[in-house]
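Enquirer: Protein sequence lines, in the order shown, are assigned to chains A and B. The numbering of the first sequence is the numbering used here, which starts it at 1 and goes up by one. The numbering of the second sequence is the numbering used here, which starts it at 250 and goes up by one.
Incorrect hints may have been included.
No farther apart than 20 Å at their CA atoms in a straight line, the calculated lysine to any residue pairs in the SDA-like style are these [to be verified]: (1) A:107 x B:675; (2) B:811 x A:135; (3) B:706 x A:110; (4) A:238 x A:187; (5) A:151 x B:694; (6) B:742 x B:660; (7) B:660 x A:89; (8) A:150 x B:675; (9) A:26 x B:439; (10) A:151 x B:599; (11) A:150 x B:671; (12) A:107 x B:674; (13) A:107 x B:597; (14) B:682 x A:110; (15) B:660 x A:136; (16) A:107 x B:641; (17) A:151 x B:682; (18) A:26 x B:676; (19) B:706 x A:65; (20) B:397 x B:363; (21) A:151 x B:691; (22) B:489 x B:510; (23) A:107 x B:660; (24) B:660 x A:187; (25) B:654 x A:86; (26) B:439 x B:455; (27) B:690 x A:135; (28) A:107 x B:449; (29) B:690 x A:102; (30) A:107 x B:692; (31) B:660 x A:141; (32) A:151 x B:692.
If you want the footprint, here are the derived chain A segments under chain B, 3+ residues with CB under 8 Å [unchecked claim]: (33) 112–124; (34) 132–141.
Simulated restraints on C-beta separations [claimed, not checked]: (35) B:675 x A:178: 52 to 60 Å; (36) B:568 x A:15: 52 to 60 Å; (37) B:593 x A:76: 37 to 45 Å; (38) B:809 x A:15: 41 to 49 Å; (39) B:809 x A:198: 41 to 49 Å; (40) A:135 x B:591: 38 to 46 Å.
Note that these hints are calculated values from the structure, not bench results. Treat the numbers as computed from the prediction; the structure is a model and nothing was measured. Even glycine gets a Cβ: it sits at the ideal position worked out from N, Cα and C.
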Amino acid sequence: MEKIRILIIEDDSFQAASLQEALEEKGYEVTATASNLKDALGYFYAQKPDIVIIDVYLGNDPDGILFAQRINENPATLKPFVFLTSAVDRETFESARLTNPYSYLIKPFNVLELQFAIELAIERFLEMPGMFSAHQTGTAIMEAFLLIKKKEALTKVLFSSIEYVRVEGKYVSISTHEESFLIEMSLKLLQQKLPEKQFIQVHRNYVVNMNLVKKLHLSDNQIELLSGNRIPMSRRFKEKFMERYSILK
Amino acid sequence: MKGTKDGRKQPDFVPFHNMHIQLYERQYSEVLPSILASIAVYSETSKNDTLLYLSYYARGSFYRKKGLKDEALASMLQAEKISKNIKNPPGNVGFYSDIANLFFELQQYEDALQYYLDLLHKNDFSANKKLQGAIYNNIARCYANIDKHDYEKAESYYKKSLAFYGKFQDSLNLAAVHLNLGDLYFEQYKDRLAVDHLKKALLYSEVSEAVDIKDDIYFNLSLAMESAGQTKKALEFYKKYVEQLEGIWNRDRIWGLAEQEKKFIVDKKQTEIQLLEKEAKLQKMQLDTKRMQSNTFFSIAAVLLLLLLVGLYSYSQRIKKNRVIALQNIQLDELNATKDRLFSIIAHDLRTPVYLLKESNLRLKKALIKNELTDLEKQLDLNINMTENTYSMLDNLLYWSLEQKNGSFYKKEQLPLHSIVEQVLVNYGNALKIKDIRLDKNIPEGIQVYADSNAIKIVLRNIIDNAIKFTQDGGFIKIDAGIYENQAELVVKDNGIGINKAMLDTIKSGKTVRQKDTSGRTSTGLGLELCRIMTEKNAGRLMIESEEGKGTSVKIVLELVKK
C-alpha cells in the first residue's frame, strides 16, 4: 500500500503546515513544501509527485500560475494539480485560462473540500469526469498502480503489491497483503492494464501475481502464495500455467 | 392621333391641320414649311391622297400668291395628277379654274382654253355663280390670243359673257367684257363696233366706279377714235385718260398716305406690343420676385424647421442626459446605502462578537492560570462557534461587497450535489453539537447539478446557518434532495421558530429583513440577500415557506447537468 504523494507550493508557512496536516490526516504523503517558483520546479522534477497543490500567489506575484504553465509545457511529466486561491483572486486566476485539467480550492477550506478538489484534479487529468468526485468509490488505472477510492479516501495500489485478483459477480476484488479492494471493473479490462508476464490467469475467476507465488500444489490444484493464501487452479488454465512454470523452473 | 383604340392606322392630321390653320389665318410666312411637311408626311409615312392633293393644291396657291407662277402651275398639275385617284376631290371647280387661270396668266392660251372648256362642260357653278361669266370671258380671251386667232368664237363667247353678266346687272364685269370686246373689234379693224363697245364699257365703268379699267377704256377709246379719224374726240379721250391716270396716281398717293397711316398704326401696334412685352417682362420680373420671395419663405421655413429639430434633438439629449444622471443618482443612492449598511454591520454585528471573544479569551486565560479547568472546554466550544459565526458573517460581507462592486466571478460546472452538501455540513458539526440539533440528510448519490460550486456553497452555508440559528436547542434539521421535472431540488427544513407572515411577505417581495435568532441576536439580513443573488446567477430558484412557531422550509431549485 502506497500513499499518494503530494507537493505543496505555498509561501505562507502556517497555511502550508495546516494543509500538510489535513493531507496527512487523509492519508496522503506530502513530499515537500516549496515557497517559491524555483524550489517548486526543482522539487517537482526531482520527486515526481502524483499531485501538486499550488497557491496562486507566491508573495505578490501569481507565480503559481506560472508554475502550472511551465509544467504544462511537457505533457510527459505533467501531473494533476489543484490551485489554492481566495474569493477575491478567483477571477484573476480563472482568466489565466489554463487549458489543462485542474481544480481549485477557495481558502479557507475544510478537509472534505480538499479531498474533493484532489479527486476532481485527478479525474479531470485522466479524462474520467465524476470517477471519484461523484461517488463514494472509484478506480483509476495508472502507469504502475491503481488509484482506488475507498471510504472517501484515495489509495494508491501498486501492481507489485497485488497478490491476486478475484472475480465477484460484476466486481473484481483486488487483494494485497494488507487489504482487499472491491472495484467495479471487468477482469478482462483489468488484465489488459496489468503487466502481462507478471499477472497470469489460473482460474476462470482468478489472476495471480507470479512474483508473489510461494509454492504449487499440483495434486490438489492449488497455488500457495507468499502470504500463505491459497488460490484454486483450474485444469484448463493449469496447462497454460505449466508452460510458464517450466520456463521459470 | 396615331394608334387609336382599334389599332387601325389613321392618317396623321396634324401637319394638314397646321397648314390649314396657317392658310386660314394668312400666316404666309410660316405656311410653306407646314405645307412641305404635309407633303412629306402624306406621300410617305402616312399615305393619304386626299390630303396630299390638298397639300399640293395649297403649295400651288401659295406660290401663286407669291407670284411664282411656273412653280404654282407645276404644283397644281401635281395635285391634279393625284386627284385622279380620288373619287370626289374637294374644291375641284376652284382648283381647275385656278389651273386655267395660271395657264392663262402664263399665256399658254391653248392649255388655258382646254381647262376653261372643261370647266364649262362640268357645268358646276354652285360654289361661284358668277364664275360662268368669267369663264366665258376668259375663253373668249383665249380664242383671241391663241396662235390661230379665232375671232368669231372669241366674239361669240364675249357675247355669252355679256349676256350672263347682263342677267346679274354686273356693271363692273360688263365694263370689263365690253372693253375686251371693244379691243377684239379694234384688232379686227372694226373701229365703229370697237368704239360702240368701248363707250358701253365706259358707261358701265361709270356706274360701277370701276376705276382700274377706266384708264384702259379711255386710252382704247382715244386710239379707236384716232383710227376712226375723229382726232378731236381722240384727244378728248386721251386727256380723260391722262386725268384718269392722275386720279389713279392721286389715289395711289392717298393709298400711300393710307399706307403711311397703316404703317403708323402698325408702328403704334408695334409700340403697344412692345409695351405689352415690357409689361409681360415686368410681370415676369414680378413673378420672379414672388418666386424668390416664396423661395426665401421656404428657406426660412426650412431653417426654422431645422432649428426646431435641433432643439428637439438637444432637448431629447438633455432628457437622456437627465435620465443618465437620474440613473447615476439611483446608483449613487444604492452605493450610499451599501456604504451605510457596511458601516452599520461593522459597528454592531461585527464589533459585538469580537468584543465578546476578547472578553471570553481573557476569562479563559484567568481560568487557566487559576487552573480552573471545569467548563473550559464548553467555553472554548462556544468561542469556536462564535468565531465561526463571525467568520461566516465576514464571508457574507466579502461576497456581498464583491457583488456590489462589480459582481463576483461565476463558472458553472458539473457538481455532485451530495458531495457539495457534505463539504458544507462538515463545518457545522460544532454548532449542531452545541444546540443539540439533530441533522437528517437524504441526498441520493448521482445528482449532478450544473452550477458554480462556490456560489452554491455560499447559498447552502447561509441556509444551514439560518436553520441552526432559528431552531431551538434539541430541534431538528432535515435535508432532502431529489430530481423533479428535470431539475434538482434541495430542501432544508427545520422545526425552528419560523417566520411570521408579515416578515415572510417582506422576504418574498425581495426586501431585506432582520430577525432575532434563538439567542436574541439580530441577523444582518445579508445572508438571504446573497442566497437570492447567487441562485439567480446560477439560473436557480429559491423558495421559502414558513409558519411561525412551527419551522421553516427553504427549497433550492438548480439546473441538472445536461446529458
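Enquirer: Please go over all the hints and tell whether each is borne out by the structure.
Expert: Right, here's what the structure says about each hint:
no. : hint                      : verdict
1   : A:107 x B:675             : holds (15 Å)
2   : B:811 x A:135             : holds (18 Å)
3   : B:706 x A:110             : holds (12 Å)
4   : A:238 x A:187             : holds (18 Å)
5   : A:151 x B:694             : holds (15 Å)
6   : B:742 x B:660             : violated (28 Å)
7   : B:660 x A:89              : holds (14 Å)
8   : A:150 x B:675             : holds (19 Å)
9   : A:26 x B:439              : violated (175 Å)
10  : A:151 x B:599             : violated (40 Å)
11  : A:150 x B:671             : holds (17 Å)
12  : A:107 x B:674             : holds (16 Å)
13  : A:107 x B:597             : violated (26 Å)
14  : B:682 x A:110             : holds (18 Å)
15  : B:660 x A:136             : violated (25 Å)
16  : A:107 x B:641             : holds (13 Å)
17  : A:151 x B:682             : violated (24 Å)
18  : A:26 x B:676              : holds (17 Å)
19  : B:706 x A:65              : violated (25 Å)
20  : B:397 x B:363             : holds (15 Å)
21  : A:151 x B:691             : holds (18 Å)
22  : B:489 x B:510             : violated (30 Å)
23  : A:107 x B:660             : holds (17 Å)
24  : B:660 x A:187             : violated (39 Å)
25  : B:654 x A:86              : holds (17 Å)
26  : B:439 x B:455             : violated (24 Å)
27  : B:690 x A:135             : holds (17 Å)
28  : A:107 x B:449             : violated (156 Å)
29  : B:690 x A:102             : violated (30 Å)
30  : A:107 x B:692             : violated (26 Å)
31  : B:660 x A:141             : violated (30 Å)
32  : A:151 x B:692             : holds (17 Å)
33  : 112–124                   : holds (count 3)
34  : 132–141                   : holds (count 4)
35  : B:675 x A:178: 52 to 60 Å : violated (28 Å)
36  : B:568 x A:15: 52 to 60 Å  : holds (56 Å)
37  : B:593 x A:76: 37 to 45 Å  : violated (57 Å)
38  : B:809 x A:15: 41 to 49 Å  : violated (36 Å)
39  : B:809 x A:198: 41 to 49 Å : holds (44 Å)
40  : A:135 x B:591: 38 to 46 Å : holds (43 Å)
Hint compliance for this structure: hints 6, 9, 10, 13, 15, 17, 19, 22, 24, 26, 28, 29, 30, 31, 35, 37 and 38 are not met, and every other hint is.
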